[in-house]
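> So the sequences go chain by chain: A and B. Heads up, the first sequence is in this note's numbering, so the first residue is -14 and it goes up one at a time. Heads up, the second sequence is in this note's numbering, so the first residue is 32 and it goes up one at a time.
Source of the hints: derived by calculation from the structure; they are not laboratory data. The beta carbon of each residue, even a glycine, is placed where N, CA and C say it ideally should be. Hints are all accurate, no fakes.
Here are the simulated SDA-like cross-link-like pairs (lysine to any residue), alpha carbons at most 25 Å apart as the crow flies:
no. : chain 1 : residue 1 : chain 2 : residue 2
1   : B       : K196      : A       : A73
2   : B       : K196      : A       : L67
3   : B       : K196      : A       : T72
4   : B       : K631      : B       : Q526
5   : A       : K316      : A       : A248
Here are the computed distance ranges between Cβ atoms for each label pair:
no. : chain 1 : residue 1 : chain 2 : residue 2 : range
6   : A       : P138      : B       : A340      : 37 to 43 Å
7   : A       : P138      : B       : R168      : 40 to 46 Å
8   : A       : A111      : B       : R168      : 49 to 55 Å
9   : A       : R29       : B       : D127      : 51 to 57 Å
10  : A       : G74       : B       : P323      : 39 to 45 Å
11  : B       : T657      : A       : S143      : 56 to 62 Å
Chain A residues, not near chain B, derived (Cβ > 12 Å throughout):
no. : residue
12  : V24
13  : L152
14  : S213
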Amino acid sequence: MNVRMLAVLCILPFAAVAQGFSGLGTTADGFTAPAPNPVFDFPRDHGPHPDYRIEWWYITANLTDADGTDYGLQWTLFRSALEPNETAGWDSPQVWFAHAAITTPGLHLSTERFARGGIGQAGVTAAPFHAWIDEWALLGPDFDTLSLNAQGPDFGYSMALKANGPLVFHGEDGFSVKSAEGQASYYYSQPFYQIEGTITLPSGPIAVRGDAWLDREWSSQPLSDNQSGWDWFSISFQDENKLMGFRLRQTDGSFYTSATWIAADGTTTPYPDGAFTATPLNSHRVAGRDVPVGWHVSLPDRDVDVTVTAMNPDAWMDLSVPYWEGPVTVKDKSSGTPVGRGYLEMTGYE
Amino acid sequence: MIHTCLIALLSHWLHKPLQLVAFIAGLAMATGLWSGVQAINTEARASYDAAANTLGEGQYDQLRPRTGTIVPLADYVALRRAGWQVSPVSEARVGDVRLVGIDPLTAPEGLGSTTSLDVQTAPETGPRIFANAETARQLSETLDVQIDNAIAPGLAIGDISEVQKFLGRDHLTRLIILPEQPLNQPDLSSIAPNLQRVASSQTADIAQLTDSFHLNLTAFGLLSFVVGLFIVNSTIGLAFEQRRGMIRTMRALGVPLRNLIILIAAEMLLLAMIGALLGIALGYVIAALLLPDVAATLRGLYGAQITGALQFRAEWWLSGLALALIGTGIAFASRAVQIARMPVLASARPRAWAMVNATRLRLQLFVALALLVIAGILALTVDGLLGGFVLLGFMLLGAALLFPVLADRVMTLIEARNRTPIWAWFWADTRQQLPGLSLALMALLLAVSANIGVATMVSSFRLTFVGFLDQRLAPELYVQAESPAQSLMLENFLQKRGLETLPLLAGEAQIAGQNVRLLGIRVAPTYRDNWRFLDAAPDVWDKIAAQQGVILNEQFARRADLWVGSVVEIAPGTALPVLGVVGDYGNPNAQANLSEDLIKRLFPGTYAQRYGIRTDDPAALQQDITETLRIPASAMIDQEQLKTASLDTFERTFLVTAALNVLTLGVAAFAILMSLLTLADIRLPQLAPVWALGFTRRQLGRLELLRAVALAGLVFCFAVPLGLALAWVLLAIVNVAAFGWRLPMFLFPYEYAALGLYALVAAAIAAAWPVSRLMRTPPSALLQVFSHER
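Take these sequences, add in the hints, and give me the full structure.
Listed below in structure tokens is the structure:
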């Protein structure tokens, strides 16, 4: 654990008794807890919810350049609250941090930023939409038309996003249950972005285009005490259908799974615990840990029976809160023919 | 056999316990003063390092305001949102404590104390401001802090939100530039034109500033050590001479030379270890006693914070141990050679060592003169601190070596003029004793001349400084303004009352590679009447008022070699001639004075943060200002208070020097006592015949006392010119390098006379014990002399 991590944990009170991944499994005194049957109010709900403890604006993108080389891109802004309110000035209990990464077949570059709320260094406004930390920003006149940028010491990107489908809601109309005990979050996505722009690598700038997936999630206690991490999959099939599925690992060795099937027109079908399965096939040693980078993923109800393989198994986010996140290729399990691509996030592999 | 030989060798110390005491005490004192000084230096350096580490000063470049002391919060946010990876620091003084707020979220790794950010020690509730126990006590009435002893002394560090809340402000003091910056970022000038980048090396100058002070201490420690080694050397010499007979007997009995030398070496090592360990303990006590004063001095003179609590660190006690062993080793090596060369059946004449003296004196004279010639050449050519100390070393060593030679000549001259038998014998006998006493006398010479030199320097400094304060602190009241609005209000208020008002506007500049404080002043009669220039152009004040030049302080002029006629660039595109150089004693910083209007023009937004006011009734004015303008009394200080505070700082600066001086003198007196005591034993064969001729023991005792006083007088006569030469080197070379100012040298004959009296009294006291022993020597012992070796 590095010093910066200590600094973050010092400010985030749940750290002292960290349980689960980054303490997401502790109780939420004073914070509002997500409740079933949510009624979302847009664009307001694209903005922050300070009375919930944790919230994120999460973009992943699968990109291709003119030569056909594949790339992955990530941009995430996190909000983490010490207290369920917001005040102006240094005393703000809202802490912001952000991660950015670019993955190529042979390279994974990542960086992070930190900021306190209350002074204008970071924040989100709903309309016009503007999420920022330092010079990184995701902004646009509305949620369907956005520009995105981030940079670090050795890479950067500047992209334009255009949605060509509706928002989709996970779980029961956006109320996404995370455990048998009832832990839950509000969770919706915009998986229909077309994205294009320029990524800058140490070797120089490259023009790329592809598709991007935005996740919005907020909660006050998204994990149960006995959950240690998750494996999250977002898959875009070549037939235009999409699948979001995750597996929460529990300390007794069992799993809690959830999935959403997203048809090409944006209609969704939620699947409860057990319908979706993900099983590690092979693991890779990265940053001193064994991380599963080959998976067997199935959703029998939709005849999904595929292997999911990391494009670059070294896509380790070596940041204050370390985890694995990178683009994946999806193949039919029996024939081995490519059927799609997507993103994989694995947390809690300490 | 080895056991028996060792017992035989050690038995010498049983017979001569005083020599044993002299050996061990001499070494202990030498080691004690040396390691005490080193302990202080080590502690101070550890404090500087802790401060530098905690604050990241010296590690990271920073952004600081071009003018004023404020970095607006908006500038910080604008820089971050433009891609500048900077981290905010908010800093203020709370009493003597430096309160620093940092943002752990954006601060570079390692900034701040790691423990204060540790999960275990940072509870969820309670203040997030940390300080060590000593600082926490100082703050106990104003600020609630948690104790973290890893934090540098005089520093309280906390989360910026807590610090800003306590200070009740929004703005920042400076920004730390993180080492890793993103690919693209706009120029600083397009975002925050009022900020300037300060390279890391320029911010960490506390260690450099204080280097000279520590070198001063080290030099004193070394001087004491040398004096102590004189004692050790003379004791070892004496012990060897007295054991010649024993060594000869052991060799004759068949003890191999090699074994004998190894055994003696082991014996020396054992004694040296005992002496050194006692010395280290003594050093700890000395350092613990002096450290608070040193801390106060460094704070007053350089603004450097060091801890008042002493730690037992390997750096200093190991260096003390090593020096003690090396010193003993050197003293022993020459004796070992003598033993090796000594024929087995050589006569064990106890005074043989004194007889070879004539040839040795000639050699000594030659070496002494060579050293003094080198010192003379150095005095004309050298500058800089190290050069100054090398010069001092050559001069003191040369003079010390010269002393026995000169004393011998003086004795011969006096002897030739005294025809009465008793006085002829007295002077001849004194001369005969010189070799045995010479090391002790040299030690006294060094101590007394160091005293004269340092006293001259300190007193000259005091005279100059007091005069300087009287001139410089002419305004009767000083008022601090917090904001431009308050400054303006104050100015109007004072103008209405028709008082002579001297505003001071501060800015910063880089001139000739140095950070220079710019002071904007309003030319007024007070300046014209009171400032005394070391060097000035004609009509200097008129030209300053016309914005045609600047006045530099002496330390800056010397460091950068800029004098009247030189041209300095005080801001981009603004180069002005130097019109004057002015003494500025007690200020470690480079400073340039210029017209108030010029500084306002160069640095728009600058305002007078301080006012000096001429008034007949400062108390009434102070009250009036508080009542009318609501400026608190704490923002004002009157001339009397300021003078007292300045003088207080000055006195404390030299308290340590004075203490070391006294200790060195004490060591020298001890050296004389020990030499006389040991000599008293071996002088019985000289005294017995005089007694037999009819002199009473009482008469002999008086003569012995007179001899000690006469020798001390001789030392003093020699020490006065040496001390004055030392003072000259200190004032003309060492001070210029250490502080940046050259002081006029004044002479203080009464002080010297008093010191001479002390030296005579010290010698008399040192002689009193051996003399009383002589007077109580039983006649039988005196008679035995004739039946023994003669």
